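Generate coordinates for the entire structure from the input sequences, incorporating the hints supplied.
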Amino acid sequence: MNITLYSFLLTFIAGFSTMIGALLIFFKTKTNKVVVCSLAFAAGVMFIVSILDLIPEAIELFNYKSYIEILLITVFMVLGMFLSIMIDKYLPDKETSSKHSLFRIGIISMLAIILHNIPEGIATFMATSTDISLGISLTIAIALHNIPEGVSIAVPIYYSMKSKGKALLYTFISGMSEPFGALLAFIFLKPFMNDFIMGILMSLIAGIMTHIAVFELLPTSFNYKNYKTTLLFFAIGILFMAINHFVFG
1431 MNITLYSFLL TFIAGFSTMI GALLIFFKTK TNKVVVCSLA FAAGVMFIVS
1481 ILDLIPEAIE LFNYKSYIEI LLITVFMVLG MFLSIMIDKY LPDKETSSKH
1531 SLFRIGIISM LAIILHNIPE GIATFMATST DISLGISLTI AIALHNIPEG
1581 VSIAVPIYYS MKSKGKALLY TFISGMSEPF GALLAFIFLK PFMNDFIMGI
1631 LMSLIAGIMT HIAVFELLPT SFNYKNYKTT LLFFAIGILF MAINHFVFG
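Everything in the sequence shown is counted per the numbering used here, starting at 1431 for the first residue and increasing by one.
Quick caveat, the hints were computed from the structure, so don't treat them as lab data. Warning: the hint list may mix true and false statements.
Claimed, not checked - In silico lysine-lysine, PhoX-like type, Cα no more than 20 Å apart, as pairs:
(1) 1655 x 1463
(2) 1463 x 1594
(3) 1463 x 1592
(4) 1519 x 1658
For clarity, every value in this text was computed on a predicted model and none was experimentally measured.
Okay, here's the thing in structure tokens:
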């Protein structure tokens, strides 16, 4: 198979794995329990991805071998958090009912994951173009953490709108941003992309995902007043991604 087609195939597989997480909406169980568990689990996933994956990757990409990369990462993480706050602030729905809150959470998660997946798609495409075995390893790691990210979109959207079709559609859009990133890399970015720009992207995304995990997903889960379950599934999300990180690198 042509190496370019192989690179696109791997990015598609990584992105489409997001849909596996969306399958949770087809299992009948108590609504509140599903929402509490899935939001807390997704918060743990997003938080630990930022800490164990995105920030170390940014440090490696900046590669100044001094404290300047810490300063750069801090600045761009803060900018990412500010961007996430602005997205939340200017979403048109500001009602306080649980359904409206869940819808907002689903949309914010979708936007953040799209921003997350595009540079992942770029990285997977370029890694595969250079080394197929590296591309396969990266695809496996990305696919595993895309599954719970699918949960963080599909479950809030479904339980706020009672529409499996819309939940699947929004999840699909977020997943397909991965091959879209590969397409951008192939058409426009390959000649211009460098480690510094990728480091900025990783730092921005780490800030966005940390804000969503700590200030959106966790508080919404806590609103259902099942605190022990929220903390348990937040810890499970962290543990799941930590194992994924150390096993698949």
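Hint check results:
{"no.": "1", "hint": "1655 x 1463", "verdict": "11 Å, holds"}
{"no.": "2", "hint": "1463 x 1594", "verdict": "18 Å, holds"}
{"no.": "3", "hint": "1463 x 1592", "verdict": "16 Å, holds"}
{"no.": "4", "hint": "1519 x 1658", "verdict": "29 Å, violated"}
The structure fails to meet hint 4 from the earlier list, while all remaining hints are met.
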